[in-house]
Amino acid sequence: MFDFIIHISYLVASVLFIFGLKGLTHPRTAVRGNLLGACGMLLAVVVTLTDRHIVSYEYIILGLVVGGAIGAVLAMRIEMTSMPEMVALLNGFGGAASIFVAGAALIESSSLTDAPILQLTIATAASGLIGGVTFWGSLVAFGKLKGLISENAILFSGQQVINSILAVLVLGLSIGVVLNPESFSLYWLLVGVASVLGILLVLPIGGADMPVVVALLNSYSGLAAAATGFVLSNNVLIITGSLVGASGIILTHIMCKAMNRSLTNVLFGVMGPSGEGGPTADEVYGGKVKSASPEEVALLFEAARRVAIVPGYGMAVSQAQHPVASLAALLESRGTTVEYAIHPVAGRMPGHMNVLLAEADVPYESLKDMDEINQTIDQVDVALVIGANDVVNPLARTDPSSPLAGMPIIDVDKAKTVVVIKRSLSPGFAGIPNPLFALDNSLMLFGDGKKMVLDIIAALKDA
Amino acid sequence: MEMFLMSFTVFVLAIFVGFEVITKIPPTLHTPLMSGSNAISGITLVGAIVSTGTELWITTVLGFLSVVLATINVVGGFMVTNRMLAMFKKKS
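So the protein lines, in turn, are chains A and B. Under this note's numbering, the residue at position 416 of the first sequence is numbered 416, and the numbers go up by one with no gaps. Under this note's numbering, the residue at position 73 of the second sequence is numbered 73, and the numbers go up by one with no gaps.
In isolation and in its complexed conformation, chain A is listed as follows (with noise of 0.2 Å):
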């Protein structure tokens, strides 16, 4: 009857879990999804303490203490900036805990019966597998975002070899814990070999294909979580698994599309065509760079009736979001229309942009998608570039032999006028210059991302 009523209440988990989803399908219906979500996580876990195999409660409760009070303060604490590191380890967490908990499985089905199940113990390797790929890569992509480990792309040679050879190790150490179940080290090897693979395969990954990374992570986290489900033969745990497989992959795919290139190629970070032969930077900008001073934006932008502001990585990085949202705020407040340009991959993870603005107190109808935004962008007067490079770049639509070649760019270059404010002239991620700041309508602003929009305030005041 117990068995009855937590498999009932399991199944309203999952329930509760995809109308929770459902729910992030529009900002007005958001919070309440999430609530729904964190119900059906309640209940779920309110069940389970009911279990007739728990025999005494007092690390249960020890671990759901420690476990919450973590939780609770790294929610509360983290700057909306730093929201890539913190879904990174989340990411890396979900991992270590199905490792350890399929391991938990394996030696008690040991203890219990003469010989676990094929299914238990296939899952139970790919619980390993997965739960130390994800585990090491998401702590690796911690690392890189939070700077402790370098940002850029770490390449020796013999890499693909290496990790060839573990993948083919990793397999075979899997067929072996099906093979003989119980003998544990195993497991652990398994586990081991894993997680160096997850460093190696999440090292060569500079930081601007990180959005693409953690997506990716992100699924891994869910089908750890779906195949621990296997193991344990519950259901609430093979559906949310799977819908959080299915959103990581989606995302993954998404950010894939929005650079044009495929997940092999970012994952073995080959760049499509090199560029080499393409104009160096002297060709690109000799002579032709118009450099401007915040007074002249501001007249630019007194005159503007229609303005389109376009925030990369930049942006977030000199924690400018707060002075442009003030920007677009007075310049509504003088009759011009406002809207936010936010391409896929700007920022270090899906949707990074979107919620730095949302702190700032932008509204989210203002904020719009690369493809929406492209229609009319022949109609804007002024289009402000913060902290942007890679994704303004109109090589991505001219030039067939750029490394960006294909990839769906904002065309800030049909707009009347293009405002960059940037540091210098130095390439984006992609290592290649960017004509965009040598056209004749546009305005180069060099200085800090933050400064400059507070300069251009203040003289927008004075006038």
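No lab work stands behind these hints: they were computed from the structure. Wrong hints could be hidden among the right ones.
[Unchecked claim] List time: in silico BS3-like cross-link candidates among lysine-lysine, alpha-carbon distance up to 27 Å:
(1) A:K22 / B:K91
(2) A:K146 / A:K288
(3) B:K90 / A:K22
(4) B:K89 / A:K450
(5) A:K146 / A:K257
(6) A:K450 / B:K24
(7) A:K451 / A:K146
Dock chain B against chain A, hints included.
Showing chain B alone in chain A's frame:
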């Protein structure tokens, strides 16, 4: 085998449900989607709780570690998602 087929059916169907629901989520909410999905993938917690409560000391240790990690995911994930979503406002 029968049990595996049941589980596998659930797995495949859930992936389809996931695709249907998640493709409709707008790019604006992709970050909360990731943190929110982190929170629900903390469902591993239910497995962790049972392992912790058993008699074997080794599974209690492993279970305890996973209870801590999964609870960080659940509590941290739901709270930070809520904090983010509360910031998304309509034009006033």
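Point to revise | Pair hint outcome, K89 (chain B) versus K450 (chain A) [Cα-Cα no greater than 27 Å] | key: holds (23 Å)
Exercise for review: Would you mind confirming whether the straight-line C-alpha gap from K146 (chain A) to K257 (chain A) stays at or under 27 Å?
Suggested key: Given pair K146 (chain A), K257 (chain A) holds - Cα atoms ~26 Å apart, limit 27 Å.
**Study point:** Restraint status (C-alpha distance of K22 (chain A) to K91 (chain B) at most 27 Å)
**Key:** holds (23 Å)
Check your understanding: Given the hinted pair K451 (chain A) and K146 (chain A), is their alpha-carbon gap at most 27 Å?
Key -> holds (23 Å)
Check your understanding: CA of K450 (chain A) to CA of K24 (chain B), is that 27 Å or under?
Key -> Not OK: K450 (chain A) and K24 (chain B) at ~34 Å, beyond 27 Å, violated.
Check your understanding: Hey, K146 (chain A) versus K288 (chain A), does the alpha-carbon distance stay inside 27 Å?
Key -> The given pair, whose Cα atoms are some 37 Å apart, is violated under the 27 Å limit.
Review point. Going straight from one Cα to the other, do K90 (chain B) and K22 (chain A) come out at no more than 27 Å?
Key: holds (19 Å)
Consistency note: the structure conflicts with the earlier hints numbered 2, 6.
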